[in-house]
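Student: Assemble the complex: chain A is given as a structure, and chains B, C and D must be docked to it using the hints.
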Amino acid sequence: MNARLLVRALRDPASVTNCDWPGLISAARAEQLIGSLAFRMESQPVPARVASVFGAARRDAAYARTQALWEAEMARRALAPLGVPVILMKGTAFHAASYDACIGRSVGDLDIMVPRASLDAVEAALIDAGWERMKEAEGYDDVYYRRWMHELPPLIHRARDRMIDVHHTILPLTARPTPDAGALIADSVELENGLRILSPPDIIVHAAAHLLADGDLAGGLRNLWDIDRLLREFAAADPAFWDKLRARARLHQLERAVARALRLAHRLYGTPLEKRDSPSFSIADRLFEARILARNGWGQEKRKLLRFAFYVRSHWLRMPPLMLARHLWTKATRRPARS
Amino acid sequence: MRHRLDIRIGPVAFRIGSAWKAPLDALARLYASYPAPEDGLADFTVRLEPERPWRRFIRPSVAIRGDYTLADAAPLSLAHGLLAAEMGMNLQMALGQKRYLLLHAATVERDGRALIMTGESGAGKSTLAALLGERGWRLMGDEFALLDMASGDLLPFPRAVSLKNGAIEVMQAEVPAERFGPRLDGTPKGAIRHMRPNAEAIDRMGEGATPALILFPRFGETQAVRGVGAAEVFMRLTQASTNYVALGRDGFDALNRLIAANPALAIDYPDTETAVALVEDFWRARAA
Amino acid sequence: MASPVYIADSGSAVLTVALDGLSVLFHAPSGMTHIVATPAPEILDALQTGPADAPELIRRLRERYDFEGDEAEGALHARLDELEAAGLVRRA
Amino acid sequence: MSGTDKDQAGGSAFVPSRRTVLVLGAAAASTVVTVRPALAQAAGSVLNCEIPVPGPHAGGQYIAADGNLVAPGTPGAAPPLGRALKGEEVKSLLRSGTTPAGTDPTSAQAYANYIRRLQSGMSGFTCYASLQTRP
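Residue numbers (our numbering), protein chains in the order written: chain A, 1 to 339; chain B, 1001 to 1288; chain C, 2001 to 2092; chain D, 3001 to 3135.
Just chain A, with the same shape it has in the complex (with noise of 0.2 angstroms):
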């Protein structure tokens, strides 16, 4: 698993001097870390094609950077006249905030989170500013969007084809933690533009909700290093983080997926973790890890029972048993699906 090897490069870039370059470079590009493994090594002495391709990955990071701040700018453009709050999620408030996380960071989606009281006006001034509802969202998966999840069916901008997705708060409604969104837009942070992203603690928060405790650990690798990288700067800036950060995991009902993620960051990058938490490794966490590092040298997933078993879990996490009886249904009796 060339996972291992490239938890290794991240962690320790002085570590990695003569090894499987191809198998590091390709679990790197597959894991979207390329750009994150290219800064991380830009001071090691490397052969002359790989230091090519960690240059050029640097560079394909600084436009990442530059399209998603710009994204963010348009929906601040078309949002403003609202009035609202317009908190900026995951990899873009990283980016905005200059946070060490964004180094080399990539960039899917933009991410917003705003009131629930405000999602109609929110997506009807950004439709109105040319972003469109996507075709395949119409139907059974729109109605279920609405009425069970934590954002609205993803917007794409006609012109610039990236997407938007509006949330409204950090977990579906269906799962079994609440998080308070009210608190989560209350103590957010408001950044020179206006815009506004959580606060420090609160980010840890939807960053381990996010990875443990919705989806099926895809990009797992990526969630746990933005992770290690929010961690240690934001307990290096501020002596009471552990203490505020343990509050509002149970404040948002997310102490397990935070106390599994803090064990996980810990365990794969280092991650120095605050003396109290004693990281003591179970057996669903090595079925955790095992699954994050199902990635072998030639960029193809590994494991795919684990896997499997993940993305069922995913499903099971997400809603109550006779509602995923019901959601499986609804999918199953469609036209088989082409993959």
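Possibly wrong hints are sitting among the right ones.
[Said to hold, decoys possible] Some residues of chain A that are not near chain B, with every Cβ distance over 10 angstroms (derived): (1) Arg147; (2) Asp285; (3) Leu287.
[To be verified] Derived pair list, reagent style DSBU-like, types lysine-lysine, alpha-carbon separation capped at 35 angstroms: (4) B:Lys1021 with A:Lys304; (5) A:Lys302 with D:Lys3086; (6) A:Lys302 with B:Lys1021; (7) D:Lys3086 with A:Lys304; (8) B:Lys1021 with D:Lys3086; (9) B:Lys1189 with B:Lys1164; (10) B:Lys1164 with D:Lys3086; (11) A:Lys275 with A:Lys244; (12) B:Lys1021 with B:Lys1189; (13) B:Lys1189 with A:Lys302; (14) B:Lys1021 with B:Lys1164.
Just so you know, these hints were derived from the structure itself, not from any lab. Where is the CB? At the ideal position from N, CA and C, for every residue including glycine.
Tutor: Showing chains B, C and D alone in chain A's frame:
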């Protein structure tokens, strides 16, 4: 992956993995005289793998994947595995190349100066470049031109030329049989046969050239020539580039330098011989 | 509705190259390249003096140019909408 | 950089030396064209692609003449094609109206309009974009 082959084309090194041996054997024959990448290093990885695990044996179909993969790519039959490998390498270039400004263009060189030919698929640039490559020009590439943004030079990417349908006969009349790959009939693009560039193109694949002339050839029309204005050249070249937008300011500056320094002509031509004659005329005029 | 006031990025954010009648702009904040025809560059230039609404812009442009046609303000609004959609101008 | 650099100054490059007539243009005309990533065009030459009609998320919906998804059984709408169209089939359908094998001309028209309305992120979009001719 079960099988592996490394290939270097110009400045770019590929690692190609495959679930089957046959496509890589065919690829190794086609690229027989190319240098191997240093120490097994690679810029890009290509994977030829079954679409589903059982499709390795039952009606084998080759999915084209790699560091960069397109969601809509359809698999090819195993009989077309060589084409799949070629497409896989092209795909990495189209999606992943960020070191050079990549133009979807054919280039040939003479006396250190390069001629760039670009146009939509089927415009005949590939055949024209291949033919010029046998007639006193050095073939730098039939598909991708790599513009070094710092120096303004073009770097060669002399992959095996992909000849389609009628172009196969044209080149068979010109080039010894040992430089051809197998003829692949019934591919999604019709009949395809790959042709290895000549020894000079391969021996000098580390050597760049300064651009001198930009042509927009179009095959199958009555002969016509017109000058192309700078704004149109700019538009056409950005459309011919997969990575222009991602290169930001450097790409903008490099493209403007290229356009400012080079005349551009659109040529319609009824047959390849006419085009070769036209190119020679323009080249003489440009040199004078 | 009051006439909106428009702002353009400072000249240093936009690189302009004139190519036979058209201009290509590299807009650094977005990383995007726009190919623009007259009067777009003239409008962007007129906004360099400072933010302006449509009547003010027309005044500034009249200082330098003669206009063809009488529906100046309607046409100017259409141009401003395009520039706004491209992100080259924004509302104050 | 100085503001007087003739080639690359955002500011003064457009100050005319004599009074010129400025055409503000018709309200409908467009004066801004943005360069978009051209991944698609070049991908066309490197890729063998296909477009599911409709995509996997349509869930049995029919396709109206204008290409929109409608409820199954809607009169005048075409049923899902049940297979993906190959790039070459799509090309000849869009360019010359050639009906793909196993479809009637009315359905083919609906399929063509569905494909024309594909958006980025949807199944088949990259393939569709790669088949576009250049202006």
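Student: What are the numbers of the hints that this structure violates, sorted from low to high?
Tutor: none
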